[in-house]
Structures are given as C-alpha cells and as structure tokens.
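Q: Respectively, the protein sequence lines represent chains A and B.
Per my numbering, the first sequence runs over residues 1 to 99.
Per my numbering, the second sequence runs over residues 1001 to 1222.
Just so you know, the hints here were simulated from the structure itself, not pulled from any lab data.
Wrong hints could be hidden among the right ones.
What the hints assert, rightly or not - Cross-link-like lysine-lysine pairs, in silico, BS3-like; alpha carbons within 25 Å at most:
no. : chain 1 : residue 1 : chain 2 : residue 2
1   : B       : K1089     : B       : K1217
2   : B       : K1112     : A       : K27
3   : B       : K1089     : A       : K91
4   : B       : K1121     : A       : K91
Note that this is a predicted model, so its numbers are computed, not measured.
Residue strings, one per chain:
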Amino acid sequence: MSSSKKPNSKLDLYVIARIIEALKEKKNLNRTALATVTGLSYDRLVRYLSWMSEQGFVILDTEGIVHLTEEGRHAYEQLVQWILKHIGQLKFGRLEPRT
Amino acid sequence: MITDERITSKVSELMETLDHIKKYNAIARSLKPFMLIIGGSIATFLALLTIFDIYGLEPGPNNPTFVGGFLASLIPLVGLACGMLYMRKQVNAVKVGDWRPEISKGFASTLKLLGELDWEKTLEDISMARFGYAIYSLLKAGTCLVVSVAAFELAWNSLTLIFLHKSVLPGAFFWGFIAVLVVVFVLGKDFLRRYRELRALDMLVWELRWFSVEFEKAEFQT
C-alpha cells in the first residue's frame, strides 16, 4: 500500500472489505449507519473512510452519505479474484488423526 | 455469488485442516502420559515375569503361576487399550469448528479468518504435530509388538502345558520374529495410511508457507 495516510499502521483488509460489502448491500449509508452495520467504532470508520476516499473507493457527499464508486467495486472484485487465485492453488492432503 | 462460495469453501477446507492439526497436536501433547501408561504396563509385565523367574515358580495348569502368567500377559494389552483410550479422549476434547459462524458471513469474514491466523505459529504447530504423530505411531506399533510376543508366548505355553504337560519355549527371538510378521500383516495398511498422513503434513507446511507469504502481499489496489 503506497499511501502514507493509512487508517492504522497495518491495513486491515477485512475492515475495508466489510465497508465495501455493506455499501454494496445497502447502497448509500451515512457514516453512523455504516459504523453500526460494519460494527466499527465511529472514529475508526472515519479513518478508514478517509483513506478509502483518498484511493477513490468511496465518495462522501455534502450530506455525509457514503457512496461506493466503480473503482471501489473494482478493487473489491480484484481482491476477491486474487484471493481465489491463491487459495485455489492450495492442496490439502487427507488428514484424519487416528488414535 | 459463485466466486464467494468457492473462496468460502476453500477457506473452510483450510480451517478444517487446521482443526485436524489441533487434534494431531493433542496427540503430541499427550505423548508423555501415553508413554507413562505404556511404559508402566510393560515394566509391570516384565517385573512379574522376573519375579516368577526368581522364585523359580514352575508353570503348570494347576499352578497359580499359570493363571498369574496369563494375567501378567494381559497387562501390556490393557496398558495399550488404556493408552489409546486416553489419546482418544484427548483428541475428542479438542474444540473445533469455532470458525464456522464467522465464515458463513461471506468474503469479508474469510479475510478476517485468514488475517487473524498466526502463520508462523501454525507452521510450527504442523511441524510439532508431524513429529508427535510419528512418535505416537512408532510407540503404538512397538507396544503392539510387545503385546503380540506376550500373547504368542502365552498361547504356545498353554498349548504345550495342556498337551505335553511341560513348558517348551522356543525363545524370545523366535516369538519376536513371528510377532513382527503378524504386526506388519495386521497393521500394514495402518502404517501406510499414517505414512501418507505424515507426507500430507509435510506438504501442508510447504503449501501454507507459500500462501502466508503471498497473503502478506494482498491489498486493495487502485
């Protein structure tokens, strides 16, 4: 991640994915509702939204409503594909410990 | 969504595998008590044989030593059964599947599960599981061997006492050889399965090491 304004020192993919999923599902939400839906504290959500807004994943309108952009949707789909590609390559042998 | 379902299914497979690792680790952690149970039973068996030998108690159908010898031969078998029951109890006590409610929530939750995994510890756990399982398998096979030797000696002793009215023992080496053959014949498939499991654990370390390095690189790209 190239941006210096990360919400935390370690970017939590889960939180970003959760925010995008909530916005995909409920369309447009204000920050308080989004915090409730994602189970994040308001401050934490604002920090993440600020970073996501910088990346162009979301837009905050003048009324404080958060909108998911095409770029955000695309980034989410890309990550899904990336995870699928990598986890899909894992092979697990038959394991069943016998006593 | 099909893609989400495929990821969820694959992550479920990974988490189930890690649940199995927990069970293997329960075996590794319980090795000490298992060895005590097995070692204790074999030591008791050998001590009884030595006592019979020291006191020169001649075995015979009407001699209480015969019954004593029979009961003594059962001790390693009982020890093995107790050891295996103990292990089974430890394995069954392992809590598994606590990730299931989380994974059913979709893709973000699979990311959460993957993100929360301590990969280094997981890899260490797999190595420990592999080592513990190998030792357990060897100990179990060794005990089966001792039990077989004791059982064959007892059976032979009983037959010669009943039909020849005297004890004719071909020696421990002979019975050891027969016992090895029988153990390999009876437990051959089990050995093979255990070997395959150990190989699968080995491969799992490599697979997960690769994935953990790749997963560190995962990010939302603009």
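Q: Which hints from the list above does the structure break, by number from lowest to highest?
A: 1, 3
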